[in-house]
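Number of protein chains: 2
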Amino acid sequence: MSEPSYPKTPRNAINRLRNRGAYDFQTAHGIINTTAVLHVSFAPDPTDPYPIVLPMIGQMGTRTEPHSTDLNHPMDLYLHGSISSRIMKLSHEAIARGDHGLAVCIAATKVDGYVLAHTPFHHSYNFRSAVVHGHATVLITNKIVPERWQNTRTPPNQVELQSTNILRVRVFSGSAKLRWGVPNGDRADLKNQDVLDRYWAGVVPMWETFGEPICAPSNQAPVPDHVRGFVQRQNEENRRVALEASEEQK
Amino acid sequence: MSEPSYPKTPRNAINRLRNRGAYDFQTAHGIINTTAVLHVSFAPDPTDPYPIVLPMIGQMGTRTEPHSTDLNHPMDLYLHGSISSRIMKLSHEAIARGDHGLAVCIAATKVDGYVLAHTPFHHSYNFRSAVVHGHATVLITNKIVPERWQNTRTPPNQVELQSTNILRVRVFSGSAKLRWGVPNGDRADLKNQDVLDRYWAGVVPMWETFGEPICAPSNQAPVPDHVRGFVQRQNEENRRVALEASEEQK
Chain A
1 MSEPSYPKTP RNAINRLRNR GAYDFQTAHG IINTTAVLHV SFAPDPTDPY PIVLPMIGQM
61 GTRTEPHSTD LNHPMDLYLH GSISSRIMKL SHEAIARGDH GLAVCIAATK VDGYVLAHTP
121 FHHSYNFRSA VVHGHATVLI TNKIVPERWQ NTRTPPNQVE LQSTNILRVR VFSGSAKLRW
181 GVPNGDRADL KNQDVLDRYW AGVVPMWETF GEPICAPSNQ APVPDHVRGF VQRQNEENRR
241 VALEASEEQK
Chain B
1 MSEPSYPKTP RNAINRLRNR GAYDFQTAHG IINTTAVLHV SFAPDPTDPY PIVLPMIGQM
61 GTRTEPHSTD LNHPMDLYLH GSISSRIMKL SHEAIARGDH GLAVCIAATK VDGYVLAHTP
121 FHHSYNFRSA VVHGHATVLI TNKIVPERWQ NTRTPPNQVE LQSTNILRVR VFSGSAKLRW
181 GVPNGDRADL KNQDVLDRYW AGVVPMWETF GEPICAPSNQ APVPDHVRGF VQRQNEENRR
241 VALEASEEQK
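Same order as they appear, the protein sequences are chains A and B. Note that the UniProt record's numbering has the first sequence beginning at 1, numbered continuously upward. Note that the UniProt record's numbering has the second sequence beginning at 1, numbered continuously upward.
Hints are supplied without guarantee of correctness; some may be wrong.
[Unchecked claim] Derived DSBU-like pairs (lysine-lysine); straight-line CA-CA distance at most 35 Å:
#1 LYS89(B) to LYS8(A)
#2 LYS89(A) to LYS191(A)
#3 LYS191(B) to LYS89(B)
#4 LYS8(B) to LYS89(A)
#5 LYS89(B) to LYS89(A)
[Said to hold, decoys possible] Residues of chain B placed beyond 10 Å of chain A at every Cβ, according to the derived structure:
#6 TYR50
#7 GLU93
#8 ILE166
#9 ARG170
#10 ALA216
#11 PRO217
If you're looking for bench data, these hints aren't it; they were derived computationally from the structure. By construction, the Cβ of each residue, glycine as well, lies at the ideal position given by its N, Cα and C atoms.
Only chain A is shown next, with the shape it has when bound in the complex (with noise of 0.2 Å):
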């Protein structure tokens, strides 16, 4: 195996499309680091159907030091931002009840342009997505002082579960799907040259861009170079990716 990569499994593997499945890490990871919101998608309640699916700002990370891709030491994922307080509570009961943690699914999807082709049934994205299962569990006091969980009043308040807002998903299967590059065409509309006289074809590139950073009310400081930089290489960047994908297949 020439890089690290997820175990292809039934769980993550791709059925449809195959040539566009990716399982490395270097794919897969970099899909989600470059992805402004996940979603990750839990079950509130074993007697309940519906699982539930939030956005969450998340980054992939290692535990172990240094740097470690052997899957016994698995890739975390950090989640923060707007967790609710829910997720936090079910990842409190997984690890009372003995499981790893809170089973939960992970999905990062960027598009990079609207694909148009002769005839409807062609139309599609250009787009990288990742999906990662793993468990999901509170970064709290255990980190520093391990059994502290156990060996407190549990479980958190109100109060002290808004405070806490890092989850750490320690992964344990992952893949990701792409497709890039120009429409693809019925053989016969290709060979017809009343179709390709009358129906135009091609990729409209979409990527985010930032705007000129707009300074809060009570800013009284210069619009430092370190976000100017950032504006500048994401908007440079953004778009070449997205220039990339129009024109290179995947």
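Using the hints provided, position chain B relative to the given structure of chain A.
Relative to the frame of chain A, chain B by itself:
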């Protein structure tokens, strides 16, 4: 009730930062209809604790004509695109069991800007998100001739499943959450001249931009007006919303 809304229940209630919650159809469905990719979650199997979340394309519509917003005539969410055979199979099985369809939860999220405050704790996104719950069924011959499903050779084979790619979700619950406006600040920081002089605070607006259409190699037609018009209108509208989000408190 001034406008049609989802009833507030434990399933859809926004408990954290309640003032950011919205339950009206217009807000929730507007977010869904302007989001390029929705994230759809479902449980693959009652014995498997891990839900699945997948990116799909979707649009709200009504099953009844004329347009009805009565909750007794619930809104439908039509899902299209890279729909896995699994979600199709599970939807069929749910109906065969006598359920209303496969239990799903669907999220749509738009990031409108990065909110950079004087202190890390108050950093945030400007965003709009919607989450709905419903039951998914496969749009197949039952729509044309009622009860055809029960009266034909089922389940569909692999080829049949793969050529069927519309799911209808009858939505029974939903809500939206929004954060717009300038950064929040710690009261003490806002009175601290040293903080105000040293640290910039503001919003970097963010939106989806469409680039110049790129012709397919097979293409022989000029870029048509409906494509050019789409790019121009969408870019203006997306930028307008992101700038509005940077100023207007929500």
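Now the hints, each set against the structure:
1. LYS89(B) to LYS8(A): Answer holds: LYS89(B) to LYS8(A) is near 22 Å, not above 35 Å.
2. LYS89(A) to LYS191(A): 60 Å, violated
3. LYS191(B) to LYS89(B): 60 Å, violated
4. LYS8(B) to LYS89(A): Distance of about 22 Å is within 35 Å: holds.
5. LYS89(B) to LYS89(A): The given pair, whose Cα atoms are some 33 Å apart, holds under the 35 Å limit.
6. TYR50: 5 Å, violated
7. GLU93: Since the minimum Cβ distance to chain A is about 13 Å, GLU93(B) lies beyond 10 Å and the statement holds.
8. ILE166: 13 Å, holds
9. ARG170: With a cut-off of 10 Å, ARG170(B) remains clear of chain A, as the shortest Cβ separation is near 13 Å.
10. ALA216: Not fine: 4 Å to the nearest Cβ puts ALA216(B) too close to chain A.
11. PRO217: Non-interface label fails for PRO217(B): nearest chain A Cβ at 6 Å, not farther than 10 Å.
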